Structures are given as structure tokens and as C-alpha cells.
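**Student:** Here are the chains, one letter per residue:
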Amino acid sequence: MLSARDVSVQFGGLRAVDKVSLDVMRGEIVGLIGPNGAGKTTFFQAVSGFVKTTSGEVRFCGERIDGVAPERICRLGLTRTFQIVEVFPSLTVRETLTAAALVRLPLAEARRIAVSTAELVRLGGKLDLTCRQLTLPDQKALEIGKAMATQPRMILLDEVMAGLRPSETDEVVRLIRDLRDRGITFLVVEHNMDVIMGLSDRIAVMGTGRKIVEGRPDDVVRDPKVIEIYLGAEFELA
Amino acid sequence: MRDTSPLAPAVGPWLIFLAVVLAPLAMSSGWINIAILTLLFIYLCVAWNIVGGIAGQFCIGHSLFLAAGAYTSTLLSTQFGITPWLGMFAGAALATVIGIFIAWLSFRYELPPLSFALVTIALAMLGYLAISSIDLLGASRGLTLPVRGTPAMYQFRSDVTYYVVILLHVVAAVALSMWLYHTKIGLYLRAVRDNERAAHAIGVPVLRYKMLAMGISAALTALGGTFYAQYLQYVEPHTFASINIVIQIVLLTVVGGTGTVWGPVVGPMLLVPAGEWLRHSLGGSLPGVHLLVYGMLLVIVIRFAPDGLVGALERARQAWRFRRGVKEVATQ
Chain A
1 MLSARDVSVQ
11 FGGLRAVDKV
21 SLDVMRGEIV
31 GLIGPNGAGK
41 TTFFQAVSGF
51 VKTTSGEVRF
61 CGERIDGVAP
71 ERICRLGLTR
81 TFQIVEVFPS
91 LTVRETLTAA
101 ALVRLPLAEA
111 RRIAVSTAEL
121 VRLGGKLDLT
131 CRQLTLPDQK
141 ALEIGKAMAT
151 QPRMILLDEV
161 MAGLRPSETD
171 EVVRLIRDLR
181 DRGITFLVVE
191 HNMDVIMGLS
201 DRIAVMGTGR
211 KIVEGRPDDV
221 VRDPKVIEIY
231 LGAEFELA
Chain B
239 MRDTSPLAPA
249 VGPWLIFLAV
259 VLAPLAMSSG
269 WINIAILTLL
279 FIYLCVAWNI
289 VGGIAGQFCI
299 GHSLFLAAGA
309 YTSTLLSTQF
319 GITPWLGMFA
329 GAALATVIGI
339 FIAWLSFRYE
349 LPPLSFALVT
359 IALAMLGYLA
369 ISSIDLLGAS
379 RGLTLPVRGT
389 PAMYQFRSDV
399 TYYVVILLHV
409 VAAVALSMWL
419 YHTKIGLYLR
429 AVRDNERAAH
439 AIGVPVLRYK
449 MLAMGISAAL
459 TALGGTFYAQ
469 YLQYVEPHTF
479 ASINIVIQIV
489 LLTVVGGTGT
499 VWGPVVGPML
509 LVPAGEWLRH
519 SLGGSLPGVH
529 LLVYGMLLVI
539 VIRFAPDGLV
549 GALERARQAW
559 RFRRGVKEVA
569 TQ
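Protein sequence lines, in the order shown, are assigned to chains A and B.
Oh and the first sequence: position 56 is 56 in my numbering, straight run, nothing missing.
Oh and the second sequence: position 267 is 505 in my numbering, straight run, nothing missing.
Bear in mind the hints are in silico, worked out from the structure with no lab data behind them.
Quick caveat: nothing in here was measured; it's all calculated off a predicted structure.
The C-beta atom is built at its ideal place from N, Cα and C for all residues, glycine as well.
Do not rely on the hints blindly, as some may be mistaken.
A few chain B residues that face chain A, going by a derived Cβ cut-off under 8 angstroms, partial list only [said to hold, decoys possible]:
id, residue
1, Ser378
2, Pro384
3, Arg386
4, Leu418
5, Ala429
6, Asp432
7, Val442
8, Pro443
9, Ala550
As a list, the in silico DSSO-like pairs of lysine-lysine whose alpha-carbon atoms are at most 27 angstroms apart [to be verified]:
id, chain 1, residue 1, chain 2, residue 2
10, A, Lys126, B, Lys422
11, A, Lys126, B, Lys565
12, A, Lys19, A, Lys225
13, A, Lys52, A, Lys19
Build the full structure now, drawing on both the sequences and the hints.
**Tutor:** This is the structure:
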């Protein structure tokens, strides 16, 4: 479904992403992990059109999407959430979800989708609150709801668990599984190892801009290269 | 969709609005001129609010659109005898082209809001200088419309007719902005205003919608320019093309409540008559005092109600509702 080939992103002298290739199949949940500064988020931005790739190509359902504007990518059925929630402060939950659904639907239908999406992400009782009135977990839920309402084939999740308590994290994990069962594909960047191990079908590990390992969660955690980049010197000290 | 945004429910304000605007029909001629001026500013504020408020793009270049409307219809009328009833649409078309071009030029480079405001000020100044020095446009003397006094040429003997014409403009503009607010265009524009990155991510073609907002706002403003020219029977750069009028439009809208449907109605409705009254009663002894009062009001509003009078009212209403809700829960 999503296929990145030798994607590089250069910021001045810094090569933030260096020839990363990654494939995500239909209906999969793929995790992307790595220490801070490994280039996960930049890779993400490149795939979703928010940052220009320096070289390489990205295809979504066969179509080239590198260098394509994010709103066009969204129209193709690939959308993203943001690490730091990006809500519309003065819009209500209903208006936010309606606006998101409008990408594919006329207004009347978009309004219906807004209501059903709100139910899905457990914001059904908060339809008429403005986004700035929501708590952080609710804003995170809305972040996913916004992505859902555009009726995507695939969602890129950027650290949706950050800042959530364990009980709230469980909720979000359940939600993602639900959505996968409805046929949506996920690429998930996450810091929380417990969550990503339980959630992903496959995991890719990035370190200093490169993809280091890719495989099943059980194999990845045992891989010496992964242990090294995560624990490095501390591991040797121990 | 249930109405919870910073808009009051639709019926009440419409009734108040109609009562207030119909009252001057029973008044003396001095008052009707003030009423016409008030309605003109309401109309211009509603037009500006589409791009400056709903879409959140602080454009200070609206004098260009006002002048485009006024000069186009006036020139077509004086040079070719074309009625301003048609000329106004030519002016609107010209203003739309200028507006869309300015938006495209500024936003494709993703100018931050302050730079956009400065760019539009610069363009407005250029427009003013250009108009003041082109002989065909009457340079700084301006152009006077020949008196024909026939409705077919958009000229009326009675001020009441001008009053009705601008009232229709206002009703149409408010209806348009109400309709915009809750449909796709309005939702997209408000999304762009609130958070451009997030708007991109949900598939909003941000640049195209900013251009659209400028186009609509520019066209409406130009129609107001034609009206103003027909009402004054002349056009000249200081009234139609200097940024003074834009600053007044922005100020009145901010006091009323930027980005709301009723803010640009409430602001001018209160302040234009108050300003005229101040100027008449104190203008002799203290010239310019109404500007001083405007300035102070602006400071007070920005300090205590950054979302304007309409925003403050809406918050008060919500707080009252919330308290009533708490009381109900407590008594249950």
C-alpha cells in the first residue's frame, strides 16, 4: 500500500533521513521506533508531504506522492496525525470532524460522518464543545477522529500516546485495533515500547537517519543492533 | 447543525437589526445621512470580515477594492455613458482579479500574518499614489459624476432611496456571510484561520481557499465603492483609496468581534453614529475628539474582550448557561 524507496531528506548539512526504504502492506500495523533524533518524524513528514524529500521516491497505492502537497495526499486516502496535537481551537468537535469529512463528501453527509466518527473516538457527548475546551486525552482522540473522518485507507500516527496515562493509552490501542479491523492500514511512530510491541505486526527501527533493522516485534527486541542503539554505553556499563 | 459558535441564534438579532435600521425612515435628513453612513460601514465591515475575520487573513489593502469599484463604475459612466448598475459589476470583477492576485502572490510564499498585513498596506499605498497621479482618474482632484438624477443611472433624488439601496446591500452581505459560515467554504476558511498545518492534513487546499476568500471580499467591497461614489456623486483618492478607510473598517470590526457573523454589524452600528454625534457636538471645540474616543475604545475592547463585543456577549451567555446547568444538577 505504502512504499518508500531510498528516501533521503537533507536539511542544510544535516542528513536527517538517509536512504530509508519501507513497505507497508494493506491492513498492517507497522511500528517505526528509534531513539530521539533518529529521523522518524522527519521520515513521517516526508511521506505525508509536509517536508520535501531530497531524493528517493514514495508511492501510495501505486501513485508517486513525494513532492505532492499534503492536501492532495489526503485526498488520495493517506492522512496523518501530529505529535503535538494540532486542533482548531475555535471550532467545535462537530465542526472539526465535518470539515475533515468534507474532503470526500458533500456537506449533509459530512455532518453525519462527523457524528458517527465522534462516537467512534468516544467524543459523542462532546460534539458541541470547542477544541480548546477539550482535555488533552480528548484532543488526542480528536486528532485520530480528524484523520478517521477524512475516510482514509491509511493513517500515519505520530506519537499519539505521548502524554497519556496508561489507562488512556489502552483506550487508544483498542481504538487503533478496532480501526484496523475495519480495513485501515497504520504506520505508527511511538516512543512507548510496551505499546508498540503489543500493537505492531512488524517493526522498523531507525538510528541516526538510517533504517537499522526491520522484522517481527519479538525478533526486533532481541536484535543486538537495536539493543546497542537504545542502550549503548549504559548497557555496557551494566 | 446546532448553533454554538460565536453567533447568536438567527432570529433575535435579525429583528433588532431591522428595527434599528428601519427607524431612521421616520427621522430628519441629518439623521438619515448618518444612517446611510452607518449601513455603508456595516456593509464594508461584513465584506472585510470574510477574509480578515472568518479566514483570519489580516488584509489592509481593501482601499484598492473600494477604489476599483468606485473608479470603474464612475469612469464607465462618465466616459461611455454605461449605467453604474452594470459598471458596479465591472468594478467587482476588477477588484476580484486584484484580490485574488494579491492573495496568490502573498500566500504561495506562505507569508506570515504580519508580513501579509504589511504587503497589503504597501500595495494600498501604491494604489493611492497611482490613482492620485493618473489624469484619466482625475488625479488628486478626483472625478465628479454628471447630475442626471435618474434611477436608471443609479442616482436618486431622495436619500431614502439611497438608504434602501445600501440596506439591501447589507442584508445580502449578512445573509451571504451567515450562509458561508456554516457551509464548506466557511468551515474550511475557519480551519485555515485556526491552524493551517492541521487544515493541510485534513485535505483543505489552503492557498485556493485564501484566494477565494479574498475574491469574495474584494468583490463585495467594490460594490460598496460604487454605492459610495453614487451617493457622494464624486470620487477622489483621499476618500476612496487611502488606507484611512481600511483602518476604520478594521477597527470597527475588531470592536464588534472579528470572525463572527454579527461582530461587523454591531461594531459600526454602535460606533459610527456615536462618532458622528461626537464630531457634531464636540468637533467645533475639540476637533478630532471622535478619533481619540475610537482609539480608547479599541484599547479597552482589546484588553477586556479580544474577541470583540459579540465574543464577550457569547462568553457571558455560555457562562450563564453553565451556571444554570450546575444549579439544575445541584437541585436534582
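**Student:** Are lysine 126/A and lysine 565/B close enough, with their CA atoms no more than 27 angstroms apart?
**Tutor:** 20 angstroms, holds
**Student:** So, proline 384/B near chain A? Judge it on the closest CB pair being under 8 angstroms.
**Tutor:** It is violated, given that the least Cβ distance between proline 384/B and chain A is near 48 angstroms, above 8 angstroms.
**Student:** Please verify that hint: leucine 418/B, Cβ, nearest Cβ of chain A, below 8 angstroms or not.
**Tutor:** 12 angstroms, violated
**Student:** Holds or violated: arginine 386/B as interface residue toward chain A, Cβ cutoff 8 angstroms?
**Tutor:** Violated - the Cβ of arginine 386/B stays beyond 8 angstroms from chain A, reaching only about 46 angstroms at its closest.
**Student:** Against chain A, with CB atoms and a cut of 8 angstroms, does the hint on alanine 429/B hold up?
**Tutor:** Holds - the Cβ of alanine 429/B comes within 8 angstroms of chain A, reaching about 5 angstroms at its closest.
**Student:** Holds or violated: serine 378/B as interface residue toward chain A, Cβ cutoff 8 angstroms?
**Tutor:** 43 angstroms, violated
**Student:** May I ask you to test the interface hint for proline 443/B with respect to chain A, counting a Cβ-Cβ separation under 8 angstroms as satisfied?
**Tutor:** Cβ of proline 443/B sits 5 angstroms from chain A, so the hint holds.
**Student:** Please check whether alanine 550/B passes as an interface residue: C-beta within 8 angstroms of a C-beta belonging to chain A.
**Tutor:** Interface hint status for alanine 550/B: violated (15 angstroms vs cutoff 8 angstroms).
**Student:** Holds or violated: are the alpha carbons of lysine 126/A and lysine 422/B at most 27 angstroms from each other?
**Tutor:** Holds, at about 22 angstroms.
**Student:** Within 27 angstroms, alpha carbon to alpha carbon, are lysine 19/A and lysine 225/A?
**Tutor:** At roughly 18 angstroms apart (the allowed maximum being 27 angstroms), lysine 225/A and lysine 19/A satisfy the hint.
**Student:** Valine 442/B was flagged as interface toward chain A. Is the shortest Cβ-Cβ separation under 8 angstroms?
**Tutor:** 6 angstroms, holds
**Student:** Measure nothing beyond the straight line between the CA atoms of lysine 52/A and lysine 19/A; if it is 27 angstroms or shorter, mark the hint as holding.
**Tutor:** 14 angstroms, holds
Of the numbered hints listed earlier, those contradicted by the structure are 1, 2, 3, 4, 9.
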